[in-house]
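Visitor: Sequence lines, in order, name chains E and A. Just so you know, we're using my numbering here: the first sequence kicks off at 160 and counts up by one. Just so you know, we're using my numbering here: the second sequence kicks off at 160 and counts up by one.
None of these hints come from the bench; they were simulated from the model. For clarity, every value in this text was computed on a predicted model and none was experimentally measured. Hints may contain errors.
[Stated by the list, open to error] No farther apart than 30 Å at their CA atoms in a straight line, the calculated lysine-lysine pairs in the DSBU-like style are these:
| # | chain 1 | residue 1 | chain 2 | residue 2 |
| --- | --- | --- | --- | --- |
| 1 | E | 199 | A | 174 |
| 2 | E | 317 | E | 236 |
| 3 | E | 317 | A | 387 |
| 4 | E | 376 | E | 410 |
| 5 | A | 295 | E | 295 |
| 6 | A | 303 | A | 230 |
| 7 | E | 229 | E | 242 |
| 8 | E | 387 | E | 410 |
| 9 | E | 267 | E | 359 |
| 10 | E | 295 | A | 263 |
| 11 | A | 198 | A | 174 |
| 12 | E | 263 | A | 263 |
| 13 | E | 198 | E | 410 |
| 14 | A | 267 | E | 317 |
| 15 | E | 174 | A | 263 |
| 16 | E | 174 | A | 230 |
| 17 | A | 198 | E | 263 |
| 18 | A | 199 | E | 263 |
| 19 | A | 267 | E | 267 |
| 20 | E | 242 | E | 267 |
| 21 | A | 334 | A | 263 |
| 22 | A | 235 | E | 263 |
| 23 | E | 274 | A | 174 |
| 24 | E | 295 | A | 317 |
| 25 | A | 199 | E | 295 |
| 26 | E | 349 | E | 359 |
There are 2 protein chains.
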Amino acid sequence: MEILTTIEQLRNIRKNITASVGLVPTMGALHDGHISLIKKAREENDIVIVSIFVNPTQFLPGEDLDKYPKKDEADKKICEICKVDYIFMPEISTMYEEDEVLIKAPSKSYVLEGKTRPGHFDGVLQVVLKLFNLTKPTNAYFGKKDAQQLTLIQQMVKNLFLDINIVPCEIVREKDGLALSSRNIYLNEKQRKDALLISKSLYQAASLVGKKERKSKVLKAKMYEIMKDLDVEYIAIVNRDFIQSEEIELKNTIILVVARFGNTRLLDNIWI
Amino acid sequence: MEILTTIEQLRNIRKNITASVGLVPTMGALHDGHISLIKKAREENDIVIVSIFVNPTQFLPGEDLDKYPKKDEADKKICEICKVDYIFMPEISTMYEEDEVLIKAPSKSYVLEGKTRPGHFDGVLQVVLKLFNLTKPTNAYFGKKDAQQLTLIQQMVKNLFLDINIVPCEIVREKDGLALSSRNIYLNEKQRKDALLISKSLYQAASLVGKKERKSKVLKAKMYEIMKDLDVEYIAIVNRDFIQSEEIELKNTIILVVARFGNTRLLDNIWI
């Protein structure tokens, strides 16, 4: 495994690769969710590149950029065990200069996460496009946990005619159902226990949909009831284009929850 | 020569090309300026692709999109004579869908053309990025006449880490000095004659710089004097980053003029 930190190193490596390349873009602090992405990339490609870069442009002022967990040594170890070929780990000044050409997410992204975190997806798309152009992957791996991010990246690939296959990957959970997140480490014991109600409410809603319940209102009421003791930021039931409606489709529906535990926001969702 | 109109056709062709590819993006109505770009591309690449697409997103409401000259048959003939390998000539609906991921030019672009035509460069960068991603050129050819456009495209290539060599090409002029433009056909006889004062003022200013004149004010005064009978929109003297200053650099300076002749805006410039 080789660790690359400069554009030049990455370009020199990349130009000599003619085989398939799998890219797993991450912000580090790798957990089993990331590992599942890396393993899938390892199975499906000749060369696997993992990028580790805490991207400043997707954090809003006042968000947790400075205290975002950094675990470089553990991350390298994990990548080595997963037989990653290259880690790309640039400095911020390597990736950005002042007053850049920017990417703007489509207006339909200004709901849910895009509403709570205006500009967040612009930053996500910007860094992902840079990483795509640098690594020129055959396949790129993204978790379904960041559902809106995933659909926007798929749209960017379509709109900009990028020749890249986006591979959506299943959410990985703790045994008790909590979706893995680098931010879970911020939870205290009580919060950790309470957080279980998120996945519980999602399972319950999915089960109701399985029984042909199509009314958003009924599903949401059930979920709010289960999460009544939580600080729920939103529950949303959307189709694959992230459009909400009163009567949901029994297929192609995504149910999303965001709840706050002190300063920690947890996202979870289920794809039906 | 083959004419491609769909994404699928272009992709099928492109994926089997391993040799060097030169791209000349145009809006059609090809004149000797374009031909000089195509010839340069022909000399420097194994495969030459010319795109002909009047890009709606770079026109502002009320601009001349609908009456922009269209000369498809003549354009095809010219490309054939210039030994172009492929013309890419898509419909608008092939290139765009509703509510897309957008490109935003950097804030420093909001001067000169970017000020007069807010959003223009966003549209230019958007279509150029799409064309780059589709054709994956080794080299892409742009005229110095659209100086600000050229520098913004160079910046996009740098910021987004595109692996493309941008080749700036000299302005082609009529024998009497008028810079070639698809919009010149709108000029009546008097306007055509008056328009000569633009290049005359540029030559005069360049000659003064050759004599070590560094004061923007002096250069501009001379130019305004020469163009006193014209409707001059702006004269600008900038460095390669499009920053204006009172004392100019004797190298790396661009002098730009825009003048209006009825509804027709003519641009010209000289690189020192």
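Visitor: Can you list which hints this structure breaks, lowest number first?
Guide: Failing hints, ascending: 2, 3, 16, 17, 18, 20, 21, 22, 23.
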